[in-house]
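Novice: Residues per chain are reported as follows:
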Amino acid sequence: MYKNCLQVLLLLVSILVSTENRCYAAELKYDSCNSIEDVIALESRAIFDTNFSDHDELAQLYVSRGESFLLTSLYENALEDFHEAKYHLGYYSQENDAAIVSFRILFGEVVCFDNLHLVEETEVALKELQQLSASVGCDDCLDQQPCPDTVARFGPNIGAEFCKGFSSKRLQNIQELNKLCNYGARSDSRPQEGSYDDILGPEVASPKWCEEIIVGLGRSMDAIACLAPNHVVKVALIGVIETLVARGVKCCQAGGFWKACVAPIARKWKEWKDNKENHFPPTEENLLKYLNE
Amino acid sequence: MKCLGLIFLMPIVLFSAVVDTNIQRLKRSPEIYLNPQDVPLFYTGNPLDGLDVFSVIPPYSIQSSEVNKSIEQMIVKELGSIGSIIKAGSENLAGFGSGNLMNIQIGKVSKWDGGELPITRVTLSIETAVTICKTSNSSNPRVWSINDFVDSAFEVESEKETLGAVQKLLREFTRNYKFANQSRSQKPTFYIYTQKD
Chain A
399 MYKNCLQVLL LLVSILVSTE NRCYAAELKY DSCNSIEDVI ALESRAIFDT NFSDHDELAQ
459 LYVSRGESFL LTSLYENALE DFHEAKYHLG YYSQENDAAI VSFRILFGEV VCFDNLHLVE
519 ETEVALKELQ QLSASVGCDD CLDQQPCPDT VARFGPNIGA EFCKGFSSKR LQNIQELNKL
579 CNYGARSDSR PQEGSYDDIL GPEVASPKWC EEIIVGLGRS MDAIACLAPN HVVKVALIGV
639 IETLVARGVK CCQAGGFWKA CVAPIARKWK EWKDNKENHF PPTEENLLKY LNE
Chain B
423 MKCLGLIFLM PIVLFSAVVD TNIQRLKRSP EIYLNPQDVP LFYTGNPLDG LDVFSVIPPY
483 SIQSSEVNKS IEQMIVKELG SIGSIIKAGS ENLAGFGSGN LMNIQIGKVS KWDGGELPIT
543 RVTLSIETAV TICKTSNSSN PRVWSINDFV DSAFEVESEK ETLGAVQKLL REFTRNYKFA
603 NQSRSQKPTF YIYTQKD
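Protein sequence lines correspond, in order, to chains A and B. Residue numbering for the first sequence follows our numbering, beginning at 399 and increasing consecutively. Residue numbering for the second sequence follows our numbering, beginning at 423 and increasing consecutively.
In short, the hints are calculated from the structure, not lab data. Take these hints with a grain of salt, some might be off.
As a list, the in silico EDC-like pairs of lysine to aspartate or glutamate whose alpha-carbon atoms are at most 20 Å apart [what the hints assert, rightly or not]:
#: 1; chain 1: A; residue 1: K671; chain 2: B; residue 2: E538
#: 2; chain 1: A; residue 1: K668; chain 2: B; residue 2: E494
#: 3; chain 1: B; residue 1: K530; chain 2: A; residue 2: D620
#: 4; chain 1: B; residue 1: K509; chain 2: A; residue 2: E675
#: 5; chain 1: B; residue 1: K582; chain 2: A; residue 2: E675
#: 6; chain 1: A; residue 1: K632; chain 2: B; residue 2: E538
#: 7; chain 1: A; residue 1: K606; chain 2: B; residue 2: E494
#: 8; chain 1: A; residue 1: K666; chain 2: B; residue 2: E513
#: 9; chain 1: A; residue 1: K648; chain 2: A; residue 2: D672
#: 10; chain 1: A; residue 1: K671; chain 2: B; residue 2: E513
#: 11; chain 1: B; residue 1: K509; chain 2: A; residue 2: D596
#: 12; chain 1: A; residue 1: K668; chain 2: B; residue 2: E513
#: 13; chain 1: B; residue 1: K509; chain 2: A; residue 2: E669
#: 14; chain 1: A; residue 1: K632; chain 2: A; residue 2: D672
#: 15; chain 1: B; residue 1: K509; chain 2: A; residue 2: D595
Fair warning: this is a prediction, and the values are worked out from it, not measured in the lab.
The whole structure should be built from the sequences, with the hints applied where relevant.
Specialist: Right, dumping it as structure tokens:
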């Protein structure tokens, strides 16, 4: 179980964390690092050398070192760093960037707690993560948009770094949590009808009907997620479902174009169904197929 | 004084009338399987009453395409005996819009201490949107479910052995559905989201 968890942990962390994307966090030079221990030593030195009042820098450094501890399975150390990062985040000056740091902290905490078998703490952190992803990005839409839009969304500096740090596939992965937007809030951002050829149904539908579809698809996806033999994989998949359901329901309740509200979860459901039918069950090995495509 | 006596007697008389009606109905339909362990007795407020569109989720745990096909044929046959069947592709989401899900699940049975019992569980459940009167919370709980167990561990090789149980549960659902909807003329519609062969 523990080994499996570690494999999945590495997989999950690799989605979010890579040496290149962590470089932007604290502008450290990782070129001389030959191992994860070297990375931890470098980050520890940077923490030691940083003034305690430089909260922006320390929040980034602690979350980066926390992620490094995660990679070495030192979950208690990682949690301590995430706790420190949270403290400094409280005094953070860059509002736009704070959401990204929060996301990294909460994501790391979910993985740590789960590997330590702290069920209640995992659930709390997962809930906070979902609340965060639900609160970010509902005034705009990242769905199918190229990186320049992300630049516009996160500001010129952070957005550019965000794009640079993540490969397009990884960026898409993060966007997956944020991509269902409230089209009802801005009429000019309503998608064209033609973009939803894969969603059949009436042109106009009540919010209730729209909600029923979202919840029903979520339940159907639960049935697939429950096939995962590994608890961590199950947690990751259920996290995806709950986020898609929460955002979809919110979109329906706001009176959004129902096909736009339903599309993200419907497409994800189809992907999962296809994976399962093509003999790619939700195991650690196939997790990226469930999170990525 | 006489009036007072009548006031006390009225609820008893009315209650007896209700019980008699239900007992009579049960006597008319002795095939209804009412095992309180699986399906609670619904003297009033049967949750299957009035549900007329369902989205049917097949058992995703089955790996054999042959067994999947047999289960699909059973679903079409048994549910087709009481209503209309629509084989829906992934793009047709109208079934989910009904808010009523029929979920057929087949899986292993865990022991209290984390191990597994050498048996397989087959469950047919109905989930629907409800608002809990006491808290006004909206929820999607299982409102009706029934189980069967097969005396072999759930493995790819033994998937075929679950077919009988699936058929039995589908039949029990159709009986219970008819029992709950005796006064209705409208036939239910079942959207079946089939799996590839």
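Novice: Each hint should be assessed against the structure and marked as holding or not.
Specialist: We went through each hint and held it up to the structure:
Between K671(A) and E538(B) the alpha-carbon distance is near 27 Å, which puts this suggested pair outside the 20 Å criterion. Distance check on the hinted pair: K668(A) and E494(B) sit about 19 Å apart at the alpha-carbon level, within 20 Å; holds. Of the supplied pair hints, the one linking K530(B) and D620(A) holds, its CA atoms being roughly 16 Å apart against a limit of 20 Å. Of the pairs offered as hints, the one joining K509(B) and E675(A) holds, with about 17 Å between alpha carbons and a cut-off of 20 Å not exceeded.
Annotation: proposed proximity of K582(B) to E675(A) holds, straight-line Cα distance about 18 Å (limit 20 Å). Proximity of K632(A) to E538(B) is assessed by CA-CA distance (about 19 Å); at most 20 Å being required, the pair is judged to hold. Taking the CA atoms of K606(A) and E494(B), the gap is near 30 Å; set against the 20 Å cutoff, the hint is violated. As the CA atoms of K666(A) and E513(B) are separated by approximately 12 Å, the hinted pair is consistent with the 20 Å bound.
A hinted pair counts as satisfied when its Cα atoms are at most 20 Å apart, and K648(A) with D672(A) does not qualify at roughly 27 Å. Pair hint K671(A) plus E513(B) holds up; C-alpha atoms about 12 Å apart against a cutoff of 20 Å. Of the supplied pair hints, the one linking K509(B) and D596(A) holds, its CA atoms being roughly 16 Å apart against a limit of 20 Å. Under the criterion of a C-alpha separation no larger than 20 Å, the hint pairing K668(A) with E513(B) is consistent with the structure, at around 8 Å.
A hinted pair counts as satisfied when its Cα atoms are at most 20 Å apart, and K509(B) with E669(A) qualifies at roughly 19 Å. The hinted pair formed by K632(A) and D672(A) meets the criterion: a straight-line CA distance of about 18 Å does not exceed 20 Å. A threshold of 20 Å between alpha carbons decides the hint, and for K509(B) with D595(A) the separation of about 19 Å falls inside it, so the pair holds.
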